[in-house]
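Chemist: This is what each chain is made of:
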Amino acid sequence: MSLLHVAILSPLIFTIVVPIVYKFFRNVHTGWFILPLPVLLTSYFITFVSVTKDNRSIGETLSWIPSLGINFTVRVDGLGLLFALLITGIGSLVVLYSIYYLNKKTEQLNTFYIYLLLFMGAMLGVVLSDNLVVLYMFWELTSFSSFFLIGYWYKRDKSRFGAQKSMIITVLGGLCMLGGIILLYLMTGTFSISESMEFFYPNYVKDSYFIPALIFILLGAFTKSAQFPFHIWLPDAMEAPTPVSAYLHSATMVKAGIYLVARFTPFFGEHPLWFWLVSGIGLLTLFWGSFNAVRQTDLKGILAYSTISQLGMIMSLLGVGAAALKFSDTNDNYYLVATTAAIFHLINHSTFKGSLFMVVGIVDHETGTRDIRKLGGLMTFMPITFTLSIIGAFSMAGLPPFNGFLSKEMFFTGMIRIQDLHLYHLQTWGILFPSIAWIASVFTFIYSMVLVFKTFTGKYQPEKLDKKPHEAPIGMLISPIVLASLVIIIFFFPDLLSDSIIAPAISVILPNLLTETEAFQVHISAWHGFTVELFMTIGVLLLGTFLFLTREKWKHVYTIFPDRFFSTVYDETLKIAQNGSKRLTKLYMNGSIRSYLLYIFAFFIAILAATMVVKEGFKLELDNLAEIGIWEVILSIIIVIGSITALFVKSRMTSIILLGAVGYTVSLFYVLFRAPDLALTQLVIETVSVALFLLCFYHLPKKKNEERIRFKIPNLVISIGVGVIVTLIAISAHSTKLYDSIAHYYVENTYIEAAGKNMVNVILVDFRGFDTMFEITVLAIAAIGIFTMIKLRLSGREEH
Amino acid sequence: MLENIVVITLFTIACSMVLLIYRVIKGPSTPDRVIALDAIGINLVAFIALISIELKTSAFLDITLLIGILAFIGTVTFAKYLEKGVIIDHDRD
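Those protein sequence lines, which keep their order, are chains G and H.
Position one of the first sequence corresponds to residue 1 (our numbering), numbered consecutively onward.
Position one of the second sequence corresponds to residue 1 (our numbering), numbered consecutively onward.
Here chain H stands alone, though its shape is the one from the complex (with noise of 0.2 Å):
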């Protein structure tokens, strides 16, 4: 039962990527872009502890905790630079 379960919510997230990766593509503006990639990261998050419980390992758990941490970073530092064209300011004083 709960591997069906399992199957079909691999399935289900799969789809969802597959949408989110056409905005990517597409996406009118960068906002866009960077919306879908960190929603596509959150997926993966999820397609990751899937795995593992498929799988029936803990050892993946890590990877789900540092994907959310990297999607994180990216997500911000895409901001950043969308609203001040630098990642890391030159210490100017």
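So here's chain G without its partners, still in its complex pose (with noise of 0.2 Å):
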């Protein structure tokens, strides 16, 4: 248990001082016990910064199921530290900005700050963990916390809705990746993402599991990333309190899956169905999303639909990136820059989608609504907000002086670029990833403009708001200013980011384009000259604006697509594989026991048969059989006249008579062959049966006609079935004898050995006397079964 172990699994220790707190210490806001926690853990990740910018890793390991390979192994490099360090410095903003934005007295804070407290653990651990079993533990602990999180209103309807939405998609995609982890298990024989790194592509490729691996992997990463067409959970997920969707659904739970591709872009990279799903599904995504959000009404649906689709671009870029893994010419850094733009973008996204979020919540804080057709003209009133709306937007949108533009910058750059890659056809389909790219870009811009000034300029209408607005308090702008400021920093600064982090993270993703020493230079600069991609932000920035002074003419666009297409999906197969199954369980459970019979006797047939077919199980030997002697004869004709004549006759009372007969004539069977035991217990047996048939049936309402046995036809076919298929087996049971009887040891020992004559009786009592102890159990136990049913009933009727 090392010092990063402990810091790993805190913020999960720290869940049980919560409680504790929140109830001793009521007076003060929870949350003032929790922001120690991540700031601190901020800082301790900083340490990290000067190994890993020397591509240098730090593993911790701590045994945990060692016999299974299991073991909590935690690595820290660049990549990890990345995410640690977005989560713990994110983490402590939101802390801080809940502090203001939950009421104390109002809401359950111990709760809130548990679940956050194991988001962010999980989150951790995700990110940190070098074991893939751990690492799908801590995945799925991230789901279930951020379920809790979503429905933390639980007594909203849309929040329970959402939570289970999101559940039901990242578990689904949590358990492909499971599914993912074993393959790749069974192709590398280690659980340790350091170890399979090791083997790299060339190895696995052929193996039959290399495809679905990758597959279910990518499921995974597509489900948690909200990537086309799993998106639908992330716009649900947004009736949990802002800070959440501020902590989880911009910036953290929903960069898991960036994190799983580039973490497994070593291993899988190089393949193209990798290439084509990685950055095809996220160019679709980021399209979609984009094309979407300008429709939403909602501020936070605007935003939620603008992470999907900035997730979109960082995942292409991932893939684009992947390809550069073709060229082992790292001089050039001209493939490269795909994967840097993906690691710069994930960090500038964090950063202002945090900012949205929070200024977001203050407007619906402020105001009690976060509908844009009621909002407008707020700008006088909060000029704070305003301020910060502004930056984050206009980053959103990709615009100078702001982190956005360099990392849009990029992207146009790696997407231009991606034409010069002689791969995957690349020539002809090429020119489709910068347009899609462009376009979306333009949507991009419009409900970044959407958002601000939709909200903040234009008319006041104070008649729909349900407060008066005015500025929030201090406390919950400090979380969005740090975010704002970041957001200018690094466009001026960008070099402090890319050596420490950026190259670091670059070179995990990449590690086989590098040699021991080198290690990426990574520049970023704002001005790169008059290049085609700065043409093509002029054009978004052109387009983006025309289109968005004029997009009341051209909304009736997005009457043809249908508004929520894929969450009306989700809810029909959901609606469909509910009745489905309801209507499949009414269809063979239907209560009634012939036809549960039906199905055993069927199946039983079935089985047998097909055995006998398959395996040639039918097998007919004359040699051992007996004689056949004249009474046997005629006792197998009265049993055989006795049990048909009970199939057809019309009175019960015949039929048990009938029953008594065959019962009997066994009985001389017994006598027949010589088993004088059997055949006077059967004797007693069959008469008291008999008569306990009698009790009953004299005691049934009588029906006015009685009724022969209705002829089925599928009874009839079954009913010879099991009968054939019975005689069959006895016959080839008969047939192969293949060890001798037991019996002779029973011959000679029983006077021997326990001082009887009487075989069966030694037998039953001595020999094997275990059996009769327990037959006698269960006589005793149906005599007081018999005994409390009629006992039970009986008292029944007197309570009546």
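Bear in mind the hints are in silico, worked out from the structure with no lab data behind them.
Certain hints may be false.
Stated by the list, open to error - So these bits of chain H aren't anywhere near chain G, every CB distance computed over 10 Å:
| # | residue |
| --- | --- |
| 1 | Ile-5 |
| 2 | Thr-12 |
| 3 | Ile-13 |
| 4 | Ser-16 |
| 5 | Tyr-22 |
| 6 | Lys-26 |
| 7 | Pro-28 |
| 8 | Ile-35 |
| 9 | Asp-38 |
| 10 | Ala-46 |
| 11 | Ile-53 |
| 12 | Asp-62 |
| 13 | Leu-66 |
| 14 | Val-76 |
| 15 | Leu-82 |
To be verified - Partner residues are not named here, just some residues of chain H that face chain G (Cβ under 8 Å, in silico):
| # | residue |
| --- | --- |
| 16 | Ile-48 |
| 17 | Ile-51 |
| 18 | Leu-55 |
| 19 | Ala-59 |
| 20 | Phe-60 |
| 21 | Ile-63 |
| 22 | Ile-67 |
| 23 | Leu-70 |
| 24 | Gly-74 |
As the list claims (entries may be wrong) - Computed spacing ranges between beta-carbons, pair by pair:
| # | chain 1 | residue 1 | chain 2 | residue 2 | range |
| --- | --- | --- | --- | --- | --- |
| 25 | G | Leu-764 | H | Ile-21 | 53 to 61 Å |
| 26 | H | Glu-54 | G | Tyr-588 | 49 to 57 Å |
| 27 | H | Thr-75 | G | Lys-615 | 53 to 61 Å |
| 28 | G | Leu-764 | H | Thr-75 | 27 to 35 Å |
| 29 | H | Ile-73 | G | Leu-587 | 46 to 54 Å |
| 30 | G | Leu-587 | H | Ile-87 | 44 to 52 Å |
Source: prediction; values computed, not measured.
Don't be surprised by glycine CBs; every beta carbon is placed ideally from N, CA and C.
Put the complex together from the two separate chains, hints included.
Modeler: Listed below in structure tokens is the structure:
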């Protein structure tokens, strides 16, 4: 248990303290007790920067289940550290924000902070685990705690719906990922990520598990990162409190999928399928998200779709970056730009999207609504919030002087350069990449402008607002101010990040492009000269402004595409699954014993007949048969006639007497086959049971006309089938005698060992007395059962 | 000689049982059927005793006694049922 383990688990451990603190310090906001933890963790993780800067990594192992190769191994490398810093850093800001956002008198703060800490610990575990099983464990813990956080206001229907939806989708993906992990283990023989990365691509690409593992891992990543078409849970997750949305659904959890894709790029990256899936789905998500964000009227809805779209953008960049693995020529950073852009935009997105969510939270908090149709003209009431939203939204739109501009330029660069790749037929299809990226950027620009200008400018509509708007308290503004200043600082000093954070992260994503001593040279600058990218940005700006201003005129485009199309698909799928299974269950579970017996017997026939046929089990040998005597024939005829007549007689009484006749004939058979004890018992028991049957039937309600058993063809077929099968099996079994009987032992030892001459009785009470004991028990239970049934029924009647 | 006699007797008893069964099925009233069943029981006693001779064993003599008892109990029970409508009286006092 090293300090690193303690650091990762500390949020989880700290959850124990939360209820105590909440109970005993009611007049202090619980958040204040939580806040030091993420701050401390942030500063602790910053100390690792000096280590990862040189592309080194620190690993610590804690034995958990060593016999299965599952150990709590943590590894801090460039990629993990980047995420750890995002989680703890933004976590601190979100905790601070939540202290002012959530009311300590009206909200259940203890549960909120327990879930938040659970989530933080789980997320740290995801990004720092080196063991895939441990990673999966933390992965599910993030789904789990996110489920709780979305459903925090559990008395609202929509919260519960959103929580359930996100749970179903992310857990579905998580389980797929588990499948992928197991396949990876089967390929590499280890659960350790760093060990499996040592075996590079060519070793495993021919493995038949490679493609399924790739798809399963990607399914896990896509569902978590809200990629198309699994993006549907994210907009519904906006029912969560705004700090949760800011933390989980913009900066951390939805990037777990990004993390996973980045982490596995060295393993799968060179395969064309990885490139096409990751970048293709990414671009599709980018376009679909930005396209749909424009139509939203809820501020958080806009941000949700924008998150989807930005995640798609990062995803597509990672996919394009993976193509760079095909080129081992590292002197030229030509193809590396996509990966750099992905990492850089990941950081940028966390900063501006976090601040935007907080801004929206402030607007919601201070006006009581998030609907842009009700908002407007808030600029004069909330100047600071307005400024913050301008910074965030312009950065999101990709305008200078904000960090989004840098990453968007690099995004364009990466997408343009893909046409130079002479891979995967990109010469012909490559042009699609920059075009889609550009169109999506136009939409991004439009919704960013909607977000700012529909909220803060225009007509002030006080009659539609619940409260009189005013500026937020300073505590609520600190966190977005910190994030917004980061947005600007990163634009002016991007190289602060490039060597310390971004380059080590890239070296983890693309490790085999480096030799031992090399390091990536990442240089980010705002000015590239008059390049294609710059003109593309200017084009975005011009067309975006034009479309934003004429928005009312082309709005009807959206009526062509149904709103929430994929959500409807999801709803319908659930409904169909539910109704379908209900119908299916009703179909065969019809409550009639007759049909269950039909299934049982049909299955019995089918499986035994199939076994007989497949194994060629039927065998007929006539050697060991005894001679047939005249009395046996007569008795058999009596039994056959008796049984068959019992089926066709009209009265119940007759069939009982016929059954009795059959039973007595069986006892005669025992006499013939020399089993006096059996014959004795059979006679007595047959008498008793016939008497019991008569008793039952005497008390049956009288029907007017007793009917014959109705004739049904399936019953006939099945009964004949059972008879035939059992007969065939009996014949075959009798024809294959593998061993001699053990009866000789009893014959020889009955008197010598057990001092008895009646062999049957000696077997029953001496050689195999255990069976007898439990048969006695069975009879006792039956007797007690009958007694209680009669007694209880009587006493029940008295009560009524 | 003895064996032939046993076989002939068995056949005779079998025939009488068949005739008795006819009476059981046909028998216009219930007492007819009960008497017929009782007679079948006694015939079975003889039948099994003969079979024991045929099989040269004394192991089945218990069964003849048992059938005798069962036939008696059965007949008495039926008689009581026909007379009183119940078999086991409820203790009412």
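Chemist: Determine for every hint whether it applies to the structure shown.
Modeler: Structure-based check of each hint:
no.: 1; hint: Ile-5; verdict: holds, 16 Å
no.: 2; hint: Thr-12; verdict: holds, 14 Å
no.: 3; hint: Ile-13; verdict: holds, 12 Å
no.: 4; hint: Ser-16; verdict: holds, 15 Å
no.: 5; hint: Tyr-22; verdict: holds, 13 Å
no.: 6; hint: Lys-26; verdict: holds, 12 Å
no.: 7; hint: Pro-28; verdict: holds, 15 Å
no.: 8; hint: Ile-35; verdict: holds, 15 Å
no.: 9; hint: Asp-38; verdict: holds, 13 Å
no.: 10; hint: Ala-46; verdict: holds, 13 Å
no.: 11; hint: Ile-53; verdict: holds, 12 Å
no.: 12; hint: Asp-62; verdict: violated, 6 Å
no.: 13; hint: Leu-66; verdict: violated, 6 Å
no.: 14; hint: Val-76; verdict: holds, 13 Å
no.: 15; hint: Leu-82; verdict: holds, 13 Å
no.: 16; hint: Ile-48; verdict: holds, 6 Å
no.: 17; hint: Ile-51; verdict: holds, 6 Å
no.: 18; hint: Leu-55; verdict: holds, 7 Å
no.: 19; hint: Ala-59; verdict: holds, 4 Å
no.: 20; hint: Phe-60; verdict: holds, 5 Å
no.: 21; hint: Ile-63; verdict: holds, 5 Å
no.: 22; hint: Ile-67; verdict: holds, 7 Å
no.: 23; hint: Leu-70; verdict: holds, 5 Å
no.: 24; hint: Gly-74; verdict: holds, 7 Å
no.: 25; hint: G:Leu-764 to H:Ile-21: 53 to 61 Å; verdict: violated, 35 Å
no.: 26; hint: H:Glu-54 to G:Tyr-588: 49 to 57 Å; verdict: holds, 55 Å
no.: 27; hint: H:Thr-75 to G:Lys-615: 53 to 61 Å; verdict: holds, 54 Å
no.: 28; hint: G:Leu-764 to H:Thr-75: 27 to 35 Å; verdict: holds, 32 Å
no.: 29; hint: H:Ile-73 to G:Leu-587: 46 to 54 Å; verdict: holds, 52 Å
no.: 30; hint: G:Leu-587 to H:Ile-87: 44 to 52 Å; verdict: holds, 47 Å
Hint compliance for this structure: hints 12, 13 and 25 are not met, and every other hint is.
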